[in-house]
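K.L.:
Here's the letter readout for the chains.
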Amino acid sequence: MSWMVWTVPTAIFFSAIAAMLAGMTVWEIVSPTIERKGFLPISTTRGDRLFVGLLCAAFIHLGVIGYTSLSIWLALAASLAWLVVLMRWG
Amino acid sequence: MSYQLENTQPGEKYNTIFSRITPAQRRKRNARTRLRSRLLLGIYLVLMILPIYWLLNMSLQTNSEILGSMTMWPENLTFDNYIGIFTNSSWYMGYVNSIAYVLMNMLITICVALPAAYAFSRYSFIGDKHLFFWLLTNLMAPPAVFLLPYFQLYYSVGLFDTHIAVALAHCLFNIPLAIWILEGFMSSVPKEIDETAYIDGYSFPRFFVKIFIPMIRSGIGVTLFFLFMFSWVELLLARTLTATDAQPIGMIMTRTSTASGIDWGTLAAAGVLTILPGILVVYFVRHHIAKGFALGRT
Amino acid sequence: MNKVYNNRAWLLVLPMLVLVAFSAIVPLMTVVNYSVQDVLGANARFFTGTEWFETMLNDPALQAAFLRQIIFSLTILAIQVPLGIGIALIMPKRGWQASAVLILITLPLLIPWNVVGSIWQIFTRGDIGLMGWGLRQLGIDYNITRNAGDAWVTIILMDVWHWTPLVAMLCYSGLRSIPEAYYQAARIDRASKWAVFRYIQLPKLTNVLVIAVLLRFMHSFMIYAEPFVLTGGGPGSSTTFLSQSLTTMAVGQQDLGPSAAFSIIYFLVILLVSWVFYTAIMNMQKDKHSQGGA
Numbered sequence: 001m002s003w004m005v006w007t008v009p010t011a012i013f014f015s016a017i018a019a020m021l022a023g024m025t026v027w028e029i030v031s032p033t034i035e036r037k038g039f040l041p042i043s044t045t046r047g048d049r050l051f052v053g054l055l056c057a058a059f060i061h062l063g064v065i066g067y068t069s070l071s072i073w074l075a076l077a078a079s080l081a082w083l084v085v086l087m088r089w090g
Numbered sequence: 001m002s003y004q005l006e007n008t009q010p011g012e013k014y015n016t017i018f019s020r021i022t023p024a025q026r027r028k029r030n031a032r033t034r035l036r037s038r039l040l041l042g043i044y045l046v047l048m049i050l051p052i053y054w055l056l057n058m059s060l061q062t063n064s065e066i067l068g069s070m071t072m073w074p075e076n077l078t079f080d081n082y083i084g085i086f087t088n089s090s091w092y093m094g095y096v097n098s099i100a101y102v103l104m105n106m107l108i109t110i111c112v113a114l115p116a117a118y119a120f121s122r123y124s125f126i127g128d129k130h131l132f133f134w135l136l137t138n139l140m141a142p143p144a145v146f147l148l149p150y151f152q153l154y155y156s157v158g159l160f161d162t163h164i165a166v167a168l169a170h171c172l173f174n175i176p177l178a179i180w181i182l183e184g185f186m187s188s189v190p191k192e193i194d195e196t197a198y199i200d201g202y203s204f205p206r207f208f209v210k211i212f213i214p215m216i217r218s219g220i221g222v223t224l225f226f227l228f229m230f231s232w233v234e235l236l237l238a239r240t241l242t243a244t245d246a247q248p249i250g251m252i253m254t255r256t257s258t259a260s261g262i263d264w265g266t267l268a269a270a271g272v273l274t275i276l277p278g279i280l281v282v283y284f285v286r287h288h289i290a291k292g293f294a295l296g297r298t
Numbered sequence: 001m002n003k004v005y006n007n008r009a010w011l012l013v014l015p016m017l018v019l020v021a022f023s024a025i026v027p028l029m030t031v032v033n034y035s036v037q038d039v040l041g042a043n044a045r046f047f048t049g050t051e052w053f054e055t056m057l058n059d060p061a062l063q064a065a066f067l068r069q070i071i072f073s074l075t076i077l078a079i080q081v082p083l084g085i086g087i088a089l090i091m092p093k094r095g096w097q098a099s100a101v102l103i104l105i106t107l108p109l110l111i112p113w114n115v116v117g118s119i120w121q122i123f124t125r126g127d128i129g130l131m132g133w134g135l136r137q138l139g140i141d142y143n144i145t146r147n148a149g150d151a152w153v154t155i156i157l158m159d160v161w162h163w164t165p166l167v168a169m170l171c172y173s174g175l176r177s178i179p180e181a182y183y184q185a186a187r188i189d190r191a192s193k194w195a196v197f198r199y200i201q202l203p204k205l206t207n208v209l210v211i212a213v214l215l216r217f218m219h220s221f222m223i224y225a226e227p228f229v230l231t232g233g234g235p236g237s238s239t240t241f242l243s244q245s246l247t248t249m250a251v252g253q254q255d256l257g258p259s260a261a262f263s264i265i266y267f268l269v270i271l272l273v274s275w276v277f278y279t280a281i282m283n284m285q286k287d288k289h290s291q292g293g294a
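Protein chains in written order, with the UniProt record's numbering: chain A, 1 to 90; chain B, 1 to 298; chain C, 1 to 294.
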């Protein structure tokens, strides 16, 4: 495993992703999602909205890192806020 | 029975959309357009074949003829370039290696893709759509992204420079492709067939092998064609994961350029030989190919 | 088709999942790990945080390669899609001619990509290649190793030669699935050729065309072997596309960190584009089903 050169931040990152997937699965079993149409142009399920949120988060982070001098934590906060908005109203 | 054309309103007169031509004019025009389309197709085919013909032409010439003068066909026909390849084990082993990992990859892929495609075409389950999309993203991931970790991964599990390493690596894009194609074919088989078989007392494995697989034969043929195609033509991963024992032919071809210049004749002959297996495969699936390229969904 | 809801289907998917995950997830994780570090050797590595991403996003050479990549992909799509439809329309529909044309047309698809590069390298050389020699005889100063414009035209020509058959085959099989009755109806109504194409053939083609565009887009976006063999990215860096920049960085210079950061950005762009395409396809199919039901 040493060739994978793990670091603490990336380990936390992947654990968070895995936890999210596990959480979504459990949530799905407890109460199955219903496809609905929010402010996004297509009707989505919970999983779709999570995916869109994560993809947006990735690009928000890239934008902040590459083209501004803002802190990466700001990007994280903005992404989380956007994710919540998407999950609730998207 | 009425034929409602797509994109027209019910009851809309076709005459308002379509022009009026008398039958006599039509026959004449049909003959003319037929001739013209054959001509255009002929031109396209000639242009398409030309680069391949040139390769073949060069492979049958000696290097001195290639470099010496511009000849449209081999004037001193020679098979030396081919003989050179077939008598040199470092050359022909390249073909053996390539064919070995391509066949392994086809076998592995089809074995795991068939049940998976069946699951996608018949059942819905938690996360099915996202799983399917994730598979497709692997089809789209540029192999260049994975080069270094692949090298590390296969090195650390001791598979570096083996055929199976390349076969497994090519699964990355071939399994998603196979599932995508097979799912289309399976979805076009009515579900009543499954249900009837279960009522008749077939177990799932027996039904799958005895009834279902024969029904999607042409789909499997086309899938194998695509698997062959993408594994055969890929070089970046195959090159990275091999050193000497399992080197693909595409890599061995780079040996033709040496300090004393490029051995054009051998390069061309080796190139021609890489085209042959493809022709063979396409010949076997020629009857299914037209249908299969629609990937089962039309 | 109504699918049965059954989570045991996961068992059928599992073997495939294990294999693909082995090939996809472990390497992807490693790439992410590389991207935040400066890996110098087995035991010498430093955490660099987001530095590589910042460097890569602002690297003018990569931005140029990205721009070239987009121009290239759009150009070949603009040529191959209409040309492929055109060829599919004039291909013979039955008999031995149909088989013969099918086999001939698929030929370029089955040639290893680096051999495609070699074929065109030979074909376009001024001294021994038919095309290069022919153009020189016509008095055109054609040289792909010195003139960037020539190199571009040749690469696009090569890609059109190589991949138009795929579009043509997809369209051909789409056309074959149109029931003869449609054409008969059109004949009775004395429909013009254009009307037949616009109102019968094109609507049937949309499904396969989306597949064609998707396949062509993603393959052109990762094009590597053909231009690498043909021009080596030159002259200068005028035909260096994304995959080649990445491979040079990762394998040639052994810059693990930067190339990993670049890989991730590259992958995210592909992910975004393919998601948009995929959603579009799925929605189109859904619309079709709901129309069929109404």
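A hint or two may mislead.
Just some of the chain B residues that point at chain C, by a computed CB distance under 10 angstroms [said to hold, decoys possible]:
| # | residue |
| --- | --- |
| 1 | S98 |
| 2 | A100 |
| 3 | F132 |
| 4 | V145 |
| 5 | F212 |
| 6 | I213 |
| 7 | M229 |
| 8 | V281 |
It should be emphasised that the hints constitute simulated quantities derived from the structure, not laboratory data. Here a beta-carbon is modelled for each residue, glycine too, at the ideal position from N, C-alpha and C.
K.L.:
Does each hint hold? Answer for all of them.
P.N.:
Consistency of the hints with the structure:
| no. | hint | result |
| --- | --- | --- |
| 1 | S98 | holds (8 angstroms) |
| 2 | A100 | violated (15 angstroms) |
| 3 | F132 | holds (9 angstroms) |
| 4 | V145 | holds (4 angstroms) |
| 5 | F212 | violated (12 angstroms) |
| 6 | I213 | violated (14 angstroms) |
| 7 | M229 | holds (6 angstroms) |
| 8 | V281 | holds (7 angstroms) |
Going through the hint list in order, the structure does not satisfy hints 2, 5, 6.
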